[in-house]
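> Position 121 of the sequence shown, counting from 1, maps to 121 under our numbering, and the rest follow consecutively.
Mixed in with the good hints there might be a few duds.
Under the rule of at most 25 Å between Cα atoms (straight-line distance), these lysine to any residue pairs were calculated in the SDA-like manner [claimed, not checked]:
#1 K36 to S148
#2 K133 to D192
#3 K133 to S148
#4 K133 to S261
#5 K36 to V264
#6 K133 to G99
#7 K133 to G56
#8 K36 to E61
#9 K133 to D96
Quick caveat, the hints were computed from the structure, so don't treat them as lab data.
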Amino acid sequence: MTDSPETPAAAAPVAPSDDHAQLRDAMHRVRLEVGKAVVGQDGTITGLLIALLSRGHVLLEGVPGVAKTLLVRSFSRALGLDTRRVQFTPDLMPGDVTGSLVYDARAGTFEFRAGPVFTHVLLADEINRTPPKTQAALLEAMEERQVSSDGESRALPDPFLVAATQNPIEHEGTYTLPEAQLDRFLLKLVVDLPSRDAEVDVLRRHAAGFDPRRLDDAGVAPVVTAPQILAAQRAAASVAVDDDLLGYVVDLARATRQSPSVLVGVSPRASTGLLAAAKAWAWLSGYPAITPDHVQTMLVPVWRHRIRLRPEAEIEGVSVDAILTSVLQQTRVPI
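Sequences are here, hints too, so could you generate the full structure?
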């Protein structure tokens, strides 16, 4: 079980329609473009694509210096979408994210000044460094894709993706994301340190003059358009699902709730998230319907942040990923 998908599932795909094939090729070109700037993170790039196709959001967890910010910037550049970055700090206010009413002295009225959330791709850098009040300002935007101010709802651009980062090892001056906030993220991707060969490649690029602040120098260019992304989202949502697969997802969810090490298992929203991610992964791999392999591949990144362990399990060092792997091994797979 990998952190995020890198290779297609095992079963043979059926030949897709020409329209779907063109859209799929465009999505794969995004991966190639991001690879011009980011080395050794193919699985994470694919996870971002799956979140985009599923109309979900991503939480990127990794130590400083593993190119989380560069990854999101390169991803949005390859998509040809507008992007904004918000550096979350303890003094950040909700209006600094969503926008606020500003008095216009000339007109004698208040007007709404949109915040950075009004973009296609929002990079929420170090989201756990800001208090819960500001974290919660993103809840409506992430779930409803709108911002409410002064009794008026303002729609966000479409497509819309929040990619938030957090450091897993630094706890001083941080605020743990509450379960309600974590549940708004479709995927939690762990951005690992690169392999030796990948790290050598990173140094080789820097030795040749690569500057991560200048994506133009890396040759990262837009390869898809917003209408193509929306069409790809509709195509991914149209992937067929058999009743046996629906029952398999439910059985997996119920197994997490019955695990002796788990205090709170996954919710029905987590099940629908797993289904959406599996459909996106199946479509991206060229399948007209999801298989158990697609569900199994996506289960850990979709569910790892939605489970709460019992205190005694945490003391014993039990990991959520290990529990989910055990759930997969013990749940009957539909044939």
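> So, for every hint listed, does it hold in this structure?
Now the hints, each set against the structure:
1. K36 to S148: Distance ~39 Å between K36 and S148 Cα, so the pair is violated.
2. K133 to D192: Given that 25 Å is the threshold and the Cα spacing comes to 30 Å, the pair is violated.
3. K133 to S148: Cα-Cα ~15 Å, so holds.
4. K133 to S261: violated, 31 Å
5. K36 to V264: Distance of about 41 Å is beyond 25 Å: violated.
6. K133 to G99: Holds: K133 and G99 sit about 14 Å apart, inside 25 Å.
7. K133 to G56: holds, 22 Å
8. K36 to E61: holds, 22 Å
9. K133 to D96: holds, 12 Å
Of the numbered hints given earlier, the model fails hints 1, 2, 4 and 5; all others are met.
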